[in-house]
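Each chain is listed here by its residues.
There are 4 protein chains.
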Amino acid sequence: MILFQSDYTEGACPEIMHRLIETNMEQTPGYSEDVHCLRAAKLIQEACQAPESKVHFLVGGTQTNMTVIGAALRPYQGVLSAESGHIHVHETGAVESLGYKILSLPAVDGKIKAVQIDEACTLHKNDDSFEHMVQPKMVYLSQPTELGTLYTKQELEEIRNVCDKHELYLFIDGARLGYGLMAKGNDVDLPSMARLTDVFYIGGTKVGALFGEAVVISNPVLQKDFRYMIKQRGGMLAKGRLLGIQFETLFEDNLYEKVSKHAIDLADKLREAFVKKGYPFLVENTTNQIFPIIEDTKLEELAKTFGFCYQQRVDESRSAVRFCTSWATKEENVDALIQAL
Amino acid sequence: MILFQSDYTEGACPEIMHRLIETNMEQTPGYSEDVHCLRAAKLIQEACQAPESKVHFLVGGTQTNMTVIGAALRPYQGVLSAESGHIHVHETGAVESLGYKILSLPAVDGKIKAVQIDEACTLHKNDDSFEHMVQPKMVYLSQPTELGTLYTKQELEEIRNVCDKHELYLFIDGARLGYGLMAKGNDVDLPSMARLTDVFYIGGTKVGALFGEAVVISNPVLQKDFRYMIKQRGGMLAKGRLLGIQFETLFEDNLYEKVSKHAIDLADKLREAFVKKGYPFLVENTTNQIFPIIEDTKLEELAKTFGFCYQQRVDESRSAVRFCTSWATKEENVDALIQAL
Amino acid sequence: MILFQSDYTEGACPEIMHRLIETNMEQTPGYSEDVHCLRAAKLIQEACQAPESKVHFLVGGTQTNMTVIGAALRPYQGVLSAESGHIHVHETGAVESLGYKILSLPAVDGKIKAVQIDEACTLHKNDDSFEHMVQPKMVYLSQPTELGTLYTKQELEEIRNVCDKHELYLFIDGARLGYGLMAKGNDVDLPSMARLTDVFYIGGTKVGALFGEAVVISNPVLQKDFRYMIKQRGGMLAKGRLLGIQFETLFEDNLYEKVSKHAIDLADKLREAFVKKGYPFLVENTTNQIFPIIEDTKLEELAKTFGFCYQQRVDESRSAVRFCTSWATKEENVDALIQAL
Amino acid sequence: MILFQSDYTEGACPEIMHRLIETNMEQTPGYSEDVHCLRAAKLIQEACQAPESKVHFLVGGTQTNMTVIGAALRPYQGVLSAESGHIHVHETGAVESLGYKILSLPAVDGKIKAVQIDEACTLHKNDDSFEHMVQPKMVYLSQPTELGTLYTKQELEEIRNVCDKHELYLFIDGARLGYGLMAKGNDVDLPSMARLTDVFYIGGTKVGALFGEAVVISNPVLQKDFRYMIKQRGGMLAKGRLLGIQFETLFEDNLYEKVSKHAIDLADKLREAFVKKGYPFLVENTTNQIFPIIEDTKLEELAKTFGFCYQQRVDESRSAVRFCTSWATKEENVDALIQAL
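Protein chains in written order, with the numbering used here: chain X, 622 to 962; chain B, 622 to 962; chain L, 622 to 962; chain H, 622 to 962.
Calculated from the structure, these hints are not laboratory results. Take these hints with a grain of salt, some might be off.
If chains are identical, the list can't say which one is meant, so a pair holds when it fits in one copy or spans any two.
Stated by the list, open to error - In the SDA-like style, the derived pairs of lysine to any residue whose C-alpha atoms are separated by at most 25 Å in a straight line are: (1) K774 to H883; (2) K925 to K951; (3) K925 to E654; (4) K890 to T773.
All chains, please: the whole structure from these sequences, using the hints.
Structure (structure tokens):
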């Protein structure tokens, strides 16, 4: 079987594995208070051109989302998210488990618009019984989105403005950020992310690392006491250096970009093949997740050799599915898949 | 000003006030362990033909909803509710504040259908990543709904069946139950409520009492340790007898039905007047809340003399508003409003 | 049976019952946005000489404690309390149910000292793994305490100073405040309470009202959005005017002080009788709760006629019990008890 | 500097690093649904002689404690723990953050006794206002304890009996379990752990792995839906195989015991040296944590070369400190320390 179902089917890129071996018997203090975390944070601040930001390392995405959101909201405040947002659909209610309501907004292509945020906040403020409703206080986006689409810099600027207007925090989930950065047509770089958000994170788990997400906090209000929040949420890794070492490696010599570009190149190749064979897409995008619409009979055949994700039924005979490439995808496997199409 | 904006603009019906005065200097133990609560519970069990049920008294609706839902769900489970459900919209995220996600379903007239529940549960079970999503475990309805509509006995039977199929609890919020019981065409009585639900409550606050909701729990699983839950949620009234005395009074000599019927009669009179004057309704119903669609200019004029609730904009020149009658509404005030129309 | 087991065995003082009857058919908006609540708040601000404070009305003590504490703390912060504090022992973990740890301090007579608070905070700050421990952020006291003892103004000043030093909020639970205000030797008046605390409350449930606690918030940080917190915690009474009317009545013509004094006078009479008969006390105090140590055989005899609370075993043959007087206690009943001793 | 301050100062034992490299490019499904996790679970079931148990893998200790406790308790229930228990002191209120109170019991040597548990439960049940107090439902121990002491099999049998008597779950935190298993005089093996507890875990983070704790659930009630809990708590590692591979390695060829024994041998050597030099201990134990009492002047000198943990002041001139050995400790470093003493 050749697996395309997700971008976390392998371990980590060889550079990281090498560094883990190399540093294995070093003695360091625990809980990310070691030289590797320090250096990784510095490299990320530089890449983001955000020397005042604080960088923290967590193990996984759900953990990161709940820690960040919990650090930002008071109990009666909520977070605006696309209906398809990861926190709303695929985290077993982790955000609600902390006591916070997710205020969902429709989003056909996985993206929400500044105007939707504006309307939601305006409606809330103008309602007579506003204290009987959850107060919007944060916007949660992901870049790329669950459907692999990307916000443009212009769109993010508009969202930032509406956040300022209504005193909302802007939080961007970058679990697959690398694949967004390297996608064709993308104009949102790391410094823009740091400038436009109050907090965002750079995903490692799906982009070359064994695990790990680097949270970049620009807003000083959210920086305060963040380590308490990490510890309370069970996110403070005893051997925190493992996170430091991985991100240190990813942010030396542009490794993060390199491994991301590898995935994008192969995704583009695969995407092109789908187009050529006449398969339409559930949604158009330029990142590492591809959502072709394929006949069920063909899917059955492909499933004998290839792993992919079922997304949704499109009509009686066809379904949309998901194929992912990653830093680890082998070109020969993509070729085999193209062949099988 | 004459207020029609809600059904809680006055105190309590005279019979209750009389009994409160009469019993004022009686000495009783606290926390609803007194003879009045005991007797009120017995009267309610009888009215519901549910001798095995447990009856508890709480102060208000939000408190009751959060206590019941919190008693039923494990942390990763959620409650299915109409999008317009009170818990989803107007309780400042009280259910989420306890850690539970509300899984909302579209509901044009405030009602959800058995088939929607079935689909939601089936989708959950069939999903590959079902453990990454909140598990549906309870259905929350209100009777009457937020829009004053009513479930028929047939509809509740169907919902009960689908709850059994998927091992869901059925919980009905009866904050305005009296007005449902007495509405024209209603075929759901108290024994049906007790038989078809795992737990429901009989609203006092909006139906003749100063405050108070009587929770009727049929399912033994939910009966266990319920008083711990009440206490922890801040719902255990020190002078619990106040709740007992009020419900004792409401369930003697059919007072609950009588005061409800008064509201319905006046609502029907008012409803008829709207029809005669040619005002359409946002939604058709037969209970004590009426949602006429009226020109904004006319509303401005009415607002000088009458209190009502803004519901939603319908088109450029008209809005839907809400007028409520209650146990306390005076016929002369209804007449004055009809006159003003 | 004559009940001395608590100070909430009767309804409300006649003045309140009278006003409830009188205002019963007035139409008012809900949720404490009525003229009675407005006036009650103003009377309390005046009594506290705190025109900038915000006054809110809640139904009961547990609800008030959890709402106030939840409004003040971030998730990783905790509240310092006496080991015997009501929130730590007798609220079924309501504070923890919101996610907050209670950091308990030993307190022989129910009181904690400024120096204990100082030590706890200093230890926290100096610990290497401070982020692995809950951060102290609030001090919770009650006046009178669970054991009926009182803080002196000097003690509260010291506690205020140490709160300032460590940036802690000071919150005083005044569920029985009236009985403290009127106790012999007390030097803490309402203006001192408002000046020295960030937030405190004036108990109605145990001091003349049917129910109700008036929260006085001096600190603007805690004032913000407090009504959202009340609603979310299920504490926003639909007919909020019931709270307004009661506190309006209690704060006109010094009724709150008068009914409190009645209880204290009778408590003093009873206390004196215990002393005369040679019964020692578990703890010395001057408020409405008396904790005599009595032989078990004698208690058995008393229990035939009088209700009282078991407090704790003292030695093989004797136990400490609690007798309470209240605004409603009849002198003849106190005399009967004295006779029976 | 030579670090003895904790048992997580290095990476992982070479066997694990080797296997991680070896399997790095294998493709596996995520979320611990891979062959390595399957096999690791089987090996652990065998080592525990518990074929009916369920084994789950989590990343760290705090996460594991909160996930297990949250899976077991209803909102009004609490967990009994030694005052010095890790969940009570060093997890930033993680358990409370989920809504559960920790009911602490005094424990001089880090251990609680069956009789204390019995008393706490009996007191709760006999109290008149039992519903006003948190209901004890779980016992949390650690083996070894925070002070490196060990429960004997006899003690655990007694605790099991009292848990059965009061219907409590028994949960043992085995973050350092390996060092307990190999300690001199220990008579509690893995099959006893599985037999006597409802749930316990085998620590990897401190015993040879990069990270990871293996939860062994014997009680079917706690087995149900446990993966939902893991996901909701942010504990479901995308590349779950990393946990499987590590525990697979640790439970092949007795590696877990071997690496643990290494730590114990060196701890014993060091312990003996302290005895010889006449240093008393804060507490006597036989595991990998040693708590000598040393003059402050001497500590200052040692601190120039050696890392250790400050534990507590003992008298004016002496403090208790902690030295740990681990699977990674080098004998030459122990010798250097002994030399320096």
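Quick rundown of the hints versus the structure:
1. K774 to H883: Within one copy, since 23 Å is at most 25 Å while 56 Å is not.
2. K925 to K951: within (19 Å within a copy, 51 Å between copies)
3. K925 to E654: Cα proximity of K925 and E654: across copies only (19 Å, versus 47 Å in one copy).
4. K890 to T773: within (23 Å within a copy, 57 Å between copies)
Hint compliance for this structure: every hint is met.
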